[in-house]
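> Residues per chain are reported as follows:
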Amino acid sequence: MGVATAANLAPPHGRVTIVLPSDAGTSFRPGPGVETAQRYCITYHSSAYVSIQPGLTTVQWTAQVKKMKSVYGSPIPDDQVSTLVTYLATEYGL
Amino acid sequence: MRVQFRGLDGPVLPETPAFRKALDVDVARGDDVIVAYLMNGQPMPFLNGFPVRLIVPGRYATYWVKMLAEITVLDHVDDNFWIKTAYQIPDTPTASVVPGTTGFATIPINKLNVRSFVTNIVDGATIGAGLISLRGIAFDGASGVRRVEISIDGRRTWRNATLEQDYGKYSFRRWNARWSARPGAYDVAVRASSNDGVTQNATPIWNPGGYMRNNIETYKVTVS
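Protein chains in written order, with my numbering: chain C, 23 to 116; chain L, 27 to 250.
Chain L extracted, bound-state conformation (with noise of 0.2 Å):
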């Protein structure tokens, strides 16, 4: 069985197709997934779907219908055009096939993959020589993060940042690191690895409609 959602916006042009996510009846039934008509407290607003919207956490934005206006019990798999044919991703392991493949199985996309950033520096980036904070976030979908590294070397050798407040598996998780920075240049890189076992790559992957990346980032800093 699927749950299927529908919000009030609707396309501009009758030829458009219409707007439908669905979810499966076992991830729609979980604690997590939320019709929410607050957010910090207040009304939603406008632009983030009031009166109420979809909340699915750990999954991409597709599924977070707007102006939530009728929830309807399918009793087979969703057919509608923003679940079958669009929104889809690879049916391989990591959602990633060799560029330019075409023909391959493909599946509707859903939990979000690990993640982080810098948030602090910025790529090619010019910063004085001394004792350095570097700052980002990570997260996760399905799991938490358990760990974050930063690497100044290129990716050739990490450590271990500092894992900053917990605030549940799918809330950005803040980091930190210190780094006495002498002149010179570096690639200053962050990568996270989630409660479930998966590491982020310096490879991304591939898909079609470029979802899902994920690959390490990487920060082109000057220090003078």
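For reference, chain C alone in the conformation it holds in the complex (with noise of 0.2 Å):
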């Protein structure tokens, strides 16, 4: 690392405006139940995070609901899981 000068030390000041990356994802996949998971998941992280993974599973995509709502506090209703985990494995299927 090279030595700092005073001039390139001054922090910013006033209003700054932060672009996310483009690639960040903050729309799924339209389809039945998109409302939801634009509702849940994006309070918890981009919809890239799960458009880039691999596949999975009806049953693997409950786990992961279910451990969003146990470890991670998500408030989504116990009537809208089925929902979510349905359209989840229809649009982000194995």
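Think of the hints as simulated: they come from the structure by calculation, not from any bench. Everything hinted at is true.
Computed list of lysine-lysine pairs in PhoX-like fashion (alpha-carbon distance at most 25 Å, straight line):
id: 1; chain 1: L; residue 1: Lys-137; chain 2: L; residue 2: Lys-110
id: 2; chain 1: L; residue 1: Lys-137; chain 2: L; residue 2: Lys-195
id: 3; chain 1: L; residue 1: Lys-92; chain 2: L; residue 2: Lys-110
id: 4; chain 1: L; residue 1: Lys-110; chain 2: C; residue 2: Lys-89
id: 5; chain 1: L; residue 1: Lys-110; chain 2: C; residue 2: Lys-88
id: 6; chain 1: L; residue 1: Lys-195; chain 2: L; residue 2: Lys-92
id: 7; chain 1: L; residue 1: Lys-110; chain 2: C; residue 2: Lys-91
id: 8; chain 1: L; residue 1: Lys-92; chain 2: L; residue 2: Lys-137
Just so you have them, the derived chain L footprint on chain C, three or more residues with Cβ under 8 Å:
id: 9; stretch: 37-49
id: 10; stretch: 86-97
Calculated Cβ distances over 10 Å to all of chain C for the following chain L residues:
id: 11; residue: Gly-33
id: 12; residue: Val-103
id: 13; residue: Asn-106
id: 14; residue: Thr-118
id: 15; residue: Ser-122
id: 16; residue: Lys-137
id: 17; residue: Val-148
id: 18; residue: Ile-158
id: 19; residue: Ile-163
id: 20; residue: Arg-182
id: 21; residue: Tyr-193
id: 22; residue: Asn-202
id: 23; residue: Pro-209
id: 24; residue: Ala-211
id: 25; residue: Gly-223
Just so you know, even glycine gets a beta-carbon here, dropped at the ideal spot from N, CA and C.
Put the two chains together into one complex; each comes in its own frame, and the hints tell you how they fit.
What follows is the structure in structure tokens.
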């Protein structure tokens, strides 16, 4: 690492805008139940976090959704779990 | 003793475990671990962890805590969620278990393993016959890259690639190799070996998190 000078140590000031990388992914694929994914999953991670990984079975998606509820505290209601699992297994299935 | 690091980014919901990472005190005190406030001579960009972030060379990015705000020395093993429960790998020599296995002992993920890629040809590419320059990168977490080899016959025979400048054991190591390509279908593969004697395998490791994947990359190439 080079020696820092006073000039390049000056922190940003005023209003700063952050442009998220274009590969962050904030939209899930369209399909029945996408509103549920869009509402609850984006709280935790990008849509790309789902789309760049291997597809999962319904059983595996069920385990993932339950983990997001029990371990990470997702407020997704119990009566919407099956809607979300069906959506994920359809659009991001194995 | 452990040294625990906290960044300014907190969970969206209070029910979500707050992010902390810890290093063994001997690792944290090493010369290589730094608190960085500049990147390429400029203030750390926001998305990279402004104003300061932890740099832990050779270890997975989960330890590179952004927006570093607090450093705590613990007189015990860190039992926070992100060390004890998340980012766990099998406690086996290659972090691998038989797929589907449960109940095995685990440890926190730590050093990067050796890996390499071809960067100027994509899988499925069609290229013209003639003298081809293959290029790519290799890296290793702990010891640096000793050797890179390429194969054009589906990993049956290998020959050494030329290693380019060595910027240190934690850096990408660029490599190149010449190939007199004749028309046909080829499986082009690259494998790297580290200075501590580990060579990439053809068979992927397996663990539930999908961590540390480093099997040999193979690219199907058609020469026309």
